[in-house]
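Undergrad: Below, each chain spelled out in residue letters.
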Amino acid sequence: MIAAATHAPLLQVTGLGKSFGGVQAVVELSFSAEEGQTTGLIGPNGAGKSTVLEVVSGFLKPNSGVISFAGREIAGMQAYRVSRLGLMRTFQLSREWPALTVMENMLAAAVDGGRDKVWRALLKRKALRISEHADRERARELLSSFGLFDLRDDAAGSLSGGQKRLLEFARIAIANPRMVLLDEPLAGVNPVMAERVLESVRILPARGIGVLIVEHNMAVIESLCSVVIVMAAGRKIAEGTMAELRSHPDVMDAYLGNA
Amino acid sequence: MLDYLLSVATLVTIYSIVSLALNVRWGWAGLFDFFVYALVAIGAYVYGVVTLPPAPSNQYGDQYILGLHLPFVAGVAIAMVVTSVISLIVGAVALRQLRQLYFGIMTFSSVLIIAVIIMAAPWLFNGIIGLYGVEAPLSQLGLDPTTYALLFLGICLLALTLVYLLLERLFWSPFGLCLRSIRDDEVAAAGFGRNPYSERLKAYVIGGAIAGLAGALLITYLTTWGPGAWSPIETILIFTAIILGGTGNNRGVIIGTVVVFGLIGEGSRYLPILPGFPDAYAALRIIAIAILTIVVLRWRPQGLLPEPHMRDGVRRARRFRWFGKEA
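Chains as they are written, first to last, in my numbering: chain A, 1 to 259; chain B, 1 to 327.
If you're looking for bench data, these hints aren't it; they were derived computationally from the structure. Misleading hints may appear alongside valid ones.
[Stated by the list, open to error] Beta-carbon label-pair distances, calculated as ranges: (1) A:R202 with B:L263: 57 to 63 angstroms; (2) A:D154 with B:G142: 58 to 64 angstroms; (3) B:T161 with A:A127: 37 to 43 angstroms; (4) B:F277 with A:D150: 56 to 62 angstroms; (5) A:L122 with B:G154: 20 to 26 angstroms; (6) A:L122 with B:L263: 53 to 59 angstroms; (7) B:L165 with A:R207: 37 to 43 angstroms; (8) B:L263 with A:E137: 41 to 47 angstroms; (9) B:L88 with A:T14: 38 to 44 angstroms.
C-beta atoms are modelled at their ideal positions from N, C-alpha and C, and glycine is treated no differently.
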């Protein structure tokens, strides 16, 4: 119990509420996600899973509730500030920067402590060249491990759907966040590529990066996640390992209906 | 003939600076901005009232603010500061929510508002008559007109070179890359810690300062500036120059300006006059530029010189194609 008191989870959500007009998308939701672990977020369509990711990552403002990340209150904070704290996300549809090359996508994603200031561009050229060189080295390594090395000078917009997904993970890897929120990483990816994408998801916790993943494929969730949170109609209805949840009556109801 | 060529070269040089200013906004930051030409005009007006002596009391009732009679460099600096500040104000409002066409409409309307204010408030910049009698810098050297024209062209080329070098530095810097990422997908850029609003605003202000510089040079060259000298149409010609030369590419943009304002704009004066249609070529010029824009957009949307990229590998032999996408 003493250990639990000193160790606060990396991401702690308490009493989160979000409504769109009269629709309550998320109601009184509380959960936590740990550093270096993969937490699953599942539920039927319309359960509010994606809304949770949008709100936690700062792209939507919550109506109520507390979100603390690494000990800081981030509810209602702008997305770019949340990202700078080390909480990043991927999108359901890949959002590469299409006109930039794959390598430029990597360099632009490398989070740089204020390196993109205008005055640095004019006065600190040498320092910038050194840091760009280091970023390139890191990007080359990552692109090799994601199988995108040969495509590094191609426009990111010309990649296939699966390759774009891999680029998204490579960008996350170079940005090196503390936690990443994955919104259906396998959506629109062919089965062969899916294995590769899954591999890149597995690497994240091994690097100490916490993962919160929304995914419809239960086999994938089971193979990745130590803890799974189940949502239905905006509320959390259960939490536990996949094995525990399979026999949970509320979960069965949510997925199959209680007819 | 030499005087004429010098005059065309000077104007094309100054317009190239305007194109570079708009390229920062449109090419790098993706802002569909029409306000840039109002900033050129404001830069010109501000330069005028800062360098002219106090308004004389004559039978024409000329009036304008300030009349500080400051030298050339001070006039340019003040013009750039004023256009930067106005860019900051307009950008801070327009960039909050508006994107693409809506942003275009807002900036276009702002040009019209500025034009109406200047006409309706003659105490500001002498209203519909405008400013005239602006002194040429270094006129005390007593050079003959042709030598002086050459000197002034040199000043303009120096300004263009400085702007070009500054923008090349910015383009290849993390700031330039950050801007282009925001242009491509601002949501993803925010996801990687970039503040799209403030980065765009920076691009907007940088473009504004450069437009102010161009305005100051323009009034210095023309020695006069009034409501007849500028209109939103000029902005469309600048857009054409950028699209033709290569959106996002500083060198391409200058080439585009040379083609649109130099070759097409001036070259058409040498066609034989059609009997009975004295102003046929003025109209045909606009039509030719419009057709050229459509042709470029359809078959070579990246322009003559496409936006450059930070290539990483050994430059692969690429099949170069003038039309369509590069292989």
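Undergrad: All hints are to be evaluated individually against the structure, with a verdict given for each.
TA: Hints, one by one, checked against the model:
no.	hint	verdict
1	A:R202 with B:L263: 57 to 63 angstroms	holds, 59 angstroms
2	A:D154 with B:G142: 58 to 64 angstroms	holds, 60 angstroms
3	B:T161 with A:A127: 37 to 43 angstroms	violated, 25 angstroms
4	B:F277 with A:D150: 56 to 62 angstroms	holds, 59 angstroms
5	A:L122 with B:G154: 20 to 26 angstroms	holds, 24 angstroms
6	A:L122 with B:L263: 53 to 59 angstroms	violated, 34 angstroms
7	B:L165 with A:R207: 37 to 43 angstroms	holds, 41 angstroms
8	B:L263 with A:E137: 41 to 47 angstroms	holds, 46 angstroms
9	B:L88 with A:T14: 38 to 44 angstroms	holds, 40 angstroms
Hints 3, 6, counting from the list given before, are not met by this structure.
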